[in-house]
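Trainee: So you can see what is in the structure, the chains are spelled out below.
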Amino acid sequence: MSLLEIRAATKAFGSLIAVDAVSMAVETGQLRAIIGPNGAGKTTFFNLITGFFPPTAGQIMLDGQDITHANATKRVHMGLARTFQITEIFPELTVRENAQIAVEVATGFRTRPWISRGEAARVRDRIDELLTATGLTAQADRLVGEMSHGDQRAAEIAMALALRPRILLLDEPTAGMGEQETYQISRLIRQLHKQSGFTIVLIEHDMRVVFNLADRIMVLDQGRPLAEGTPAEIAADPAVQTAYLGKAEG
Amino acid sequence: MLTLVLFNIFNGVIIGLFYVLMALGLAMILNLSGVINFAHGNFLALGGYFAFMLIPYIGFWGALVVSPLIVGAIGLILERTIIRPLYTRDPVYSLLLTFGLAFIIQDICRTVWGSNGLPLTPPDSINQPISAQFFFLTGYRLFIIGIVVVTVAALFLFLRNSRLGLRIRAGTLDLETVSALGINVRLLRSFNFGLGIFLAGLAGVLAGGQIGLNPNMGDDLLLPAFIAIIVGGVGSLIGTLIGGIIIGVAAALTTVFFPSGSQVVIYVIMIVVLLVRPRGLLGEEGMLT
Amino acid sequence: MSSTTIGETFERRGSYRDKLALLLIWVVLLTVPLWLPAIGGYTSLAARILVFGLAAMGLNFLLGFTGVMSFGHAAYFGLGAYGCGLMLLYVTNSTLLAILAGILLGTVGGALFGALIVRRKGVYFAMLTIAFGEICYYIAYSWNSFTGGYDGLRGFQRQPIHLGPLVIDIQNNQTVFYFFVLAVFAVCVGIMALLLRSPFGRTLIAIRENQRRARFLGIPVERHIWMSFTISTFFASVAGALYALINNFADPTTLNYIISGDLVIMAVMGGMRSFWGPLIGAAIFVALQDYISSATVNWMSFVGLIFVIVVLFFPRGVLGYLRRIPL
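Residue numbers (the working numbering), protein chains in the order written: chain A, 1 to 250; chain B, 1 to 289; chain C, 1 to 327.
Just so you know, these hints were derived from the structure itself, not from any lab.
Mixed in with the good hints there might be a few duds.
[To be verified] Stretch by stretch, here's where chain A covers chain C in the computed footprint (C-beta under 8 Å, at least three residues):
no.: 1; segment: 190 to 199
no.: 2; segment: 202 to 212
no.: 3; segment: 218 to 230
[Stated by the list, open to error] What follows is a list of derived Cβ distance ranges for each label pair:
no.: 4; chain 1: A; residue 1: 23; chain 2: C; residue 2: 212; range: 21 to 31 Å
no.: 5; chain 1: B; residue 1: 220; chain 2: C; residue 2: 19; range: 43 to 53 Å
no.: 6; chain 1: C; residue 1: 39; chain 2: B; residue 2: 216; range: 33 to 43 Å
no.: 7; chain 1: B; residue 1: 219; chain 2: C; residue 2: 175; range: 38 to 48 Å
no.: 8; chain 1: C; residue 1: 247; chain 2: B; residue 2: 164; range: 47 to 57 Å
no.: 9; chain 1: B; residue 1: 164; chain 2: C; residue 2: 119; range: 27 to 37 Å
no.: 10; chain 1: C; residue 1: 96; chain 2: B; residue 2: 179; range: 53 to 63 Å
no.: 11; chain 1: C; residue 1: 247; chain 2: B; residue 2: 219; range: 23 to 33 Å
no.: 12; chain 1: B; residue 1: 173; chain 2: A; residue 2: 71; range: 17 to 27 Å
Even for Gly, the Cβ is constructed at its ideal location relative to N, Cα and C.
Could you build the full structure based on these sequences and the hints that come with them?
Mentor: Next comes the structure, spelled out in structure tokens:
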């Protein structure tokens, strides 16, 4: 049984069908990439998976459980963590503080008016763990809003990791980044996948990143699945080439 | 008995129309600019007072047209100067600002024209009773009904058919896109604000002829206007219209049977709507909600 | 304890200056009966400032720390006042029980109404809070037989408090009453500070800073907003109950939108993003309003001008500017 299974998910906004019967099965430990021209419905697809809004039709199963109508918060508790195309962080707080909020919520402390010294120490240790995993230890006390793009993304990923997710969903993690930062983030993702064994689904526009990291790639075009397969298969697929050559790339 | 019932219903219709006029102006400003105009009732009072000043020079008919225009222009200037800088900030600031404006305008009215009531007499030509049996059917009240109906119809026609109206409606749905299309959003907001205030000023002239002028005259209409918007649904002007009519009629009918309950019934309707259909009758989920 | 909420909530290294400021605040508050009469004030003015400061700080729990606007908090202030007054008038001689009754009335009202409206957002939410405030106001001035209508609720008196052999004469001794109010204030402020520095408090700041991110971290945003709302109404109703005791009087004006607006301007004037800001704002506003209303007949214009000037020129408030807190 796949860890995450989406069956013929469809999302219509009035007469505009943004996602049209898209299916995907993600196995534990895989890194899947979703690519496609702008407006292909990739982010909408993510929004369906993470519970941003309910699908017009179709089913979403997590580890055999039907989560199609569960709300976003519930899905987070069930193990879906996500980052956004435009980094969603707490810019006025430091990296450590950003992580602290994530860790405290993940540890179940979100309504606690007080935690013991031992509990606080555990939180601190976990924060340090996350900062090390994402390479942000040196910047722990910097305001996230003042950091470079790449570091902000790393902080966002750290927050997602705090939730001990079963699946990481990354929406264009290298969006708007230069060479150096793209390398930094894709190296981080690779580590999370290969060394820590996370299951990851990502949307990407940068083909080097995609072909470097992905086990399997799905191509969406105008809301519909165009092709699906290993990087080699996708690279050789003529339909994919047409879709990309015929449209402006983002 | 029948006369009494009809009298109350008729009064209810008149009051409902005032609610509608106020609520529409409030809603237009709320929908496009996200500002709750606490001073709306005070602009209504200004409309009445300006008419009072103008009547000796241009007569009632002149004042009916010119006074709301002046008040609307004042609203437009205020929007341009002190409200516009607040759009990018936390909405709490624009609320506090209109709050402060409400105090200032009310005090100005009190200082200039006194806290006692002033009369605003409509011309004899329309201020006649129409029917001997139905004494409450005065010409003036029918006149009010007529003006409000015409104004509301004109407003909806304007919003539906004119280019400017279309832009306003598009702006309430998605201001970013409208701006990206090259439309001057700032002018749009200013005009929209002025239009909303114009409606308040008009209501003031009409109300003045009915109940006389005093600095607090708009206060009793402000909260029902809010409730009309809540009941009808935020974001929908037709909803606001229906909301205003519903609460006006409900208040009127209640007066016949439970005179003291007529205000309460409006609140009860609001609570019921919140429980049963929280976004309002015609409100869209997610639109400002 | 620094006065920036973020600094305090996350235990950023508190500077020497912050600790000094905190000490200064408490010294000032504790010595009021000594210096206030000397500058032309009177102790019940100080009590009023504390009471409004508490209400404004309570409102700021929601407004400044959670980022949610309420323009109807006078409702809970007033419910607290009436609850306390009615209790003393009809039921009991115990001041403490009366205060508890006021707190109960205000907080339950807040919890219920909050649950009703919590799914609405932004200005719509604010509109609903205004409407509730006006409903309470209407009930207060219409239900003549019970609440005394327009004239307000009279005929009750704050009673001395008997704690075993100890009698705290808050009835006749103004100074003792002031310290009683200060004690209640201190307890409330302590609770507020505790909450803000807790994981729960941090989730509220998270909601303020980025609601979407908070939601996608697994924070049930609406539920936490409701909790924050209810807590803020708790503090507002404590303040209201104390207010009724200041003059042994409760009237409908404590409920209407003017007081609600006053509370917001106090929070903004002192600094929305700081812990002590609303108290400072309350001190300035209450003192100013007191002075203006006795100096001129046009006090309404001046109060309105205060609103306009603060919004346009001092949006970050006194402490906001002193500490360079960002908007």
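Trainee: Does the structure break any of the earlier hints, and which numbers would those be?
Mentor: Those not satisfied: there are none.
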